[in-house]
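A.B. asks: Chains A and B supply the protein sequences, listed in that same order.
At position 162 of the first sequence (counting the first as 1) the number is 162 in our numbering, and the numbers step up by one without a gap.
At position 170 of the second sequence (counting the first as 1) the number is 1170 in our numbering, and the numbers step up by one without a gap.
To be clear, the hints were calculated from the coordinates, so they are not data collected in a lab.
Just so you know, not all the hints are guaranteed correct.
Unchecked claim - DEER-style ranges, computed between Cβ atoms: (1) GLN300(A) x MET1001(B): 48 to 56 Å; (2) ASN1305(B) x PRO266(A): 38 to 46 Å; (3) LYS218(A) x GLY1073(B): 27 to 35 Å; (4) VAL292(A) x PRO1036(B): 35 to 43 Å; (5) ALA186(A) x GLU1190(B): 50 to 58 Å; (6) ILE1196(B) x GLN300(A): 48 to 56 Å.
Stated by the list, open to error - Chain B residues, not near chain A, derived (Cβ > 10 Å throughout): (7) ALA1069; (8) TRP1090; (9) LYS1201.
We put the beta carbon where it would ideally sit given N, CA and C, even for glycine.
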Amino acid sequence: MLTKDKLLEFYRGMVTIRAFEEEVRKMHNAGLAPGLVHLYSGQEAVGVGACAALNSDDYIASHHRGHGHCIAKGSELDRLFAEIIGRRSGYGMGRGGSMHIYDPATFNLGTNGIVGGSVPLATGAALSAKLRGTGQVAVSFFGDGVLNQGILFESLNMAALWSLPVVFVCENNGYGEFTEIDDVTAGRPYAKRGEAFDIPSEKADGMDVLAVHEAVSKAVTRARNGDGPSFLIFDTYRYSGHHVGDKQEYKDDEERELWLSRDPIPKLADMLVAGKKIKQAELDELDAKIKVTVIAAANQAKKMPEPDADDLARHIYAA
Amino acid sequence: MAKISYAQALVDGMRESMAADTTVSLVGTNVLGLGPQRPLIEQVRDEFPDRVFDPPCSEAGLASLGIGAAMAGARPIIDFGVGSFSLLAWCQLVAEAGVAHHMSGGQINVPMVFTMLHGLRGGGGGQHSHSPQAMLWNNPGIEIVVPSSPKDVKGLFKAAVASNNPTAIISHARLLGVEGEVPEDDFVIELGSGEIKRPGKDISLIASSRSVVTALEAADELSGEGIEAEVVDLRTLSPLDKDIILKSVNNTGRVIVIDETNESCGVAAEISAIISEAAFDALKSPIKRIARPNVPVPASPLLENCLDITPDKIIAAAHDLVGN
Ligand SMILES: Cc1ncc(C[n+]2csc(CCOP(=O)(O)OP(=O)(O)O)c2C)c(N)n1
Ligand SMILES: [Mg+2]
């Protein structure tokens, strides 16, 4: 049974990510956040539920829709914003931006602009943990688009072969860019991709933070006990489409409403209130507090200095 | 002549190629990126619904699927979208498509096209901003097309599809919206034919792709100061029109090579080497290169802009040379 504190931690995490992404949207629309910016809104239950099952020194590797993973793993909000708007105090000194945020302090091997990039990276981190005998586990977050990249199969094979402590977490939000995943993907159910390598594989509800937490916890325990990898696939949804500015004309209202009705945040709130763990008014207060914190971090980031062009040639080779 | 955008001209070239040959198909629909020109690609789908494929995200497989199809008699167009994603298919490009004709003793042809967008795009960062043409040019067997104008992309596209070699058509995200006049008749531009985009006697600005547009802007300003720059558009890197380069250099004696690929082993480096070998005596001053510094492309707009090739950089280099 999860404690009230743990449930509130989930709630806080998801609300923080949602609020963070709203600020990122504003920053992008104001011309501050360059490039294509992919929001995690709608998928919070996956990042929060999964990272809550990890120790602080467990590794994660994330993808292009990765702000939520960084937050769930404990990165600082102001430095995340700063990186997204290209400031010197950002995690990559403004060089990486939204799709390239590395934070070794939280054992985060980065958000990643290469579709599929996170899969072998996390597998490699798991190899390192095994070689060094640290007991660490690595989680790879990746989108449904990766189900069709060869590198997924190569990584699954190595992870199974060498019994590596890695958890493969596929976030199936139904689309890659503007294409329905089912239109470009054969072999259903998709969890069969893990089974083909004798990896325990499971599909669960990615709009339910408790379901995610339970599935990932089981997989992490298995990995830590030396029993090798797991393949998890969570059905979820991207509320803002592929990138900020995507008009989402390829989606119909019925589909949108169905997924809005499954929003993981009110779902957990309703459960907490119905279970008399907390009053709605207290949650509202919490929401407001989180919003203030997030906006303060955004404002802090906007005041951070721009990077220095003379720095560009630094850090190309390690000392 | 009608004035249309680069993106529309590219689509027209593709449509005409598909109309002319029923074995031509398009695999991938990010040819025009995800920006405002994107919907134009639907014209191709509307006209040839059976020959346009929305592919899975599988670059290496797609590339070699195209190569196999080409070896077996079709003429596919395989689209990578962002040029950086061609790197996932590098082996297929350079060690399959580029060498099959040669290694089969001339028996096998790979008549296909790869499309991609290269270069600084605004926030692409170190994973979405590559200009792979120099890396490709480092390998034999692949034709490389780097158009700078609507007319050129249309004429070269048709030549690329008709060619019996694998051909990479590398466009620039920031060229897609550029407008220009395109002849209405059925024309083709031969691969390996450069073009003087602006004649001049004082200095040669040798460029390709978007750098041609920048060079033309610089040439306009220089002309106001009494410096007449000749703008040479390479149009294709492989085959390369060496004659047009050497003729211009012999004419002016001063050269700036402008190109967005990285400085080390980049397009500007190769062109400079060719000129030093073949026209050293014609040079009145050392060759100058304006290329991308050897750093990963940063996401910060301020830093990214530092790497951009601007008319100012070309003008400053021209002042240095003409002052000599
Ligand atoms: C190797 C590679 N190919 C193509 C792209 C372009 N691209 C960016 S996001 C994306 C869709 C990915 O879909 P999915 O994995 O389902 O993630 P989602 O955006 O749905 O979260 C594509 C194809 C890329 N970034 N990297
Ligand atoms: Mg998806």
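A.B. asks: So, for every hint listed, does it hold in this structure?
C.D. replies: Taking the hints in turn, this is what the structure says about them:
Separated by about 55 Å at the C-beta atoms, GLN300(A) and MET1001(B) satisfy the suggested range of 48 to 56 Å. In this structure, ASN1305(B) and PRO266(A) meet the distance hint of 38 to 46 Å, their C-beta atoms being roughly 43 Å apart. Range check, LYS218(A) to GLY1073(B): about 52 Å between beta-carbon atoms, so the 27 to 35 Å window is missed. Range check, VAL292(A) to PRO1036(B): about 37 Å between beta-carbon atoms, so the 35 to 43 Å window is met.
Checked against the hint of 50 to 58 Å, the C-beta distance between ALA186(A) and GLU1190(B) comes to roughly 42 Å, which is inconsistent with it. For ILE1196(B) paired with GLN300(A), a C-beta distance near 54 Å keeps the hint of 48 to 56 Å intact. In this structure ALA1069(B) is separated from chain A by more than 10 Å, as the shortest Cβ-Cβ distance comes to about 18 Å. At the 10 Å boundary, the C-beta of TRP1090(B) stays outside the reach of chain A, the nearest C-beta of that chain being 13 Å off.
At the 10 Å boundary, the C-beta of LYS1201(B) stays outside the reach of chain A, the nearest C-beta of that chain being 36 Å off.
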